[in-house]
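K.L.:
Knowing the structure of chain A, use the given hints to seat chain B on it.
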Amino acid sequence: DAGVIQSPRHEVTEMGQEVTLRCKPISGHDYLFWYRQTMMRGLELLIYFNNNVPIDDSGMPEDRFSAKMPNASFSTLKIQPSEPRDSAVYFCASSNPYNEQFFGPGTRLTVL
Amino acid sequence: GESVGLHLPTLSVQEGDNSIINCAYSNSASDYFIWYKQESGKGPQFIIDIRSNMDKRQGQRVTVLLNKTVKHLSLQIAATQPGDSAVYFCAENIKGGSYIPTFGRGTSLIVHP
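Here the protein sequences line up with chains A and B, keeping their order. Counted from 1, the first sequence has number 58 at position 51 by the working numbering; the numbering is strictly sequential. Counted from 1, the second sequence has number 707 at position 91 by the working numbering; the numbering is strictly sequential.
Chain A extracted, bound-state conformation (with noise of 0.2 Å):
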């Protein structure tokens, strides 16, 4: 398995400017997570799917951040309008109940 993937790697954007992640699973797994990793922060659950379903968004900052999981291989967080606070790195991760979560690579992200 390839593990957990993301893309794209790095993104630069500019302020307004609307910005989505992407993440593949590692298949079989039933849990998907989003996470952002700042120095100020650290490591912040924004949310996580269920077998597809939305379970808790209670991590997601505001209405501009939104998640999507249309099937048990695909998720989208898409940020809409982009701001330099937004500015960080962006993990998927996926697991199996009651077992340690996978990390992608991550998202770069740097909003101008």
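Calculated from the structure, these hints are not laboratory results. Small disclaimer: the values here were computed from a predicted structure and weren't measured. Beta carbons: idealized from backbone N, C-alpha and C, even for Gly. Keep in mind that the hints are not guaranteed to be accurate.
Claimed, not checked - Computed beta-carbon distance windows for the label pairs:
#  : chain 1 : residue 1 : chain 2 : residue 2 : range
1  : A       : 87        : B       : 692       : 38 to 48 Å
2  : A       : 115       : B       : 630       : 29 to 39 Å
3  : A       : 23        : B       : 670       : 43 to 53 Å
4  : B       : 676       : A       : 23        : 44 to 54 Å
5  : A       : 58        : B       : 636       : 38 to 48 Å
6  : B       : 676       : A       : 81        : 31 to 41 Å
7  : B       : 661       : A       : 45        : 13 to 23 Å
8  : B       : 729       : A       : 17        : 24 to 34 Å
9  : B       : 640       : A       : 65        : 19 to 29 Å
10 : A       : 62        : B       : 688       : 23 to 33 Å
11 : A       : 87        : B       : 699       : 18 to 28 Å
12 : A       : 19        : B       : 685       : 47 to 57 Å
13 : A       : 104       : B       : 661       : 18 to 28 Å
To be verified - Straight-line distance between alpha carbons at most 27 Å, and here's what the computed DSSO-like set of lysine-lysine pairs gives:
#  : chain 1 : residue 1 : chain 2 : residue 2
14 : B       : 658       : A       : 31
15 : A       : 31        : A       : 85
16 : A       : 75        : B       : 684
P.N.:
Only chain B this time, still in chain A's reference frame:
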């Protein structure tokens, strides 16, 4: 609220020394703990886990100790190597919950050759 925290944000050691990274947790309902290693430019990777019915678990060069009395978790790395330089996170999981791990801030381990 209850959370996972780390005592030392940075730990510097010499190659060949043993390293100990500590983690305090405050949720007594937590019953599953995981250590992750994050190298620069990469996502966190699983190192070792332990469940609350154990107080020690060993892997290759790594040992995790769990002290439920004082709610303390530690990761011991034997014969630390430069390749061990990374940020280490502990994460706790709560029994009976929907499995949402809570991550600590992380400890940066620097290994000097």
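K.L.:
All the hints need checking, so say for each whether the structure fits it.
P.N.:
Verification of the hints:
| no. | hint | verdict |
| --- | --- | --- |
| 1 | A:87 x B:692: 38 to 48 Å | holds, 46 Å |
| 2 | A:115 x B:630: 29 to 39 Å | holds, 32 Å |
| 3 | A:23 x B:670: 43 to 53 Å | holds, 52 Å |
| 4 | B:676 x A:23: 44 to 54 Å | holds, 49 Å |
| 5 | A:58 x B:636: 38 to 48 Å | holds, 39 Å |
| 6 | B:676 x A:81: 31 to 41 Å | holds, 35 Å |
| 7 | B:661 x A:45: 13 to 23 Å | holds, 20 Å |
| 8 | B:729 x A:17: 24 to 34 Å | holds, 30 Å |
| 9 | B:640 x A:65: 19 to 29 Å | holds, 24 Å |
| 10 | A:62 x B:688: 23 to 33 Å | holds, 30 Å |
| 11 | A:87 x B:699: 18 to 28 Å | violated, 40 Å |
| 12 | A:19 x B:685: 47 to 57 Å | holds, 49 Å |
| 13 | A:104 x B:661: 18 to 28 Å | holds, 20 Å |
| 14 | B:658 x A:31 | holds, 16 Å |
| 15 | A:31 x A:85 | holds, 15 Å |
| 16 | A:75 x B:684 | violated, 38 Å |
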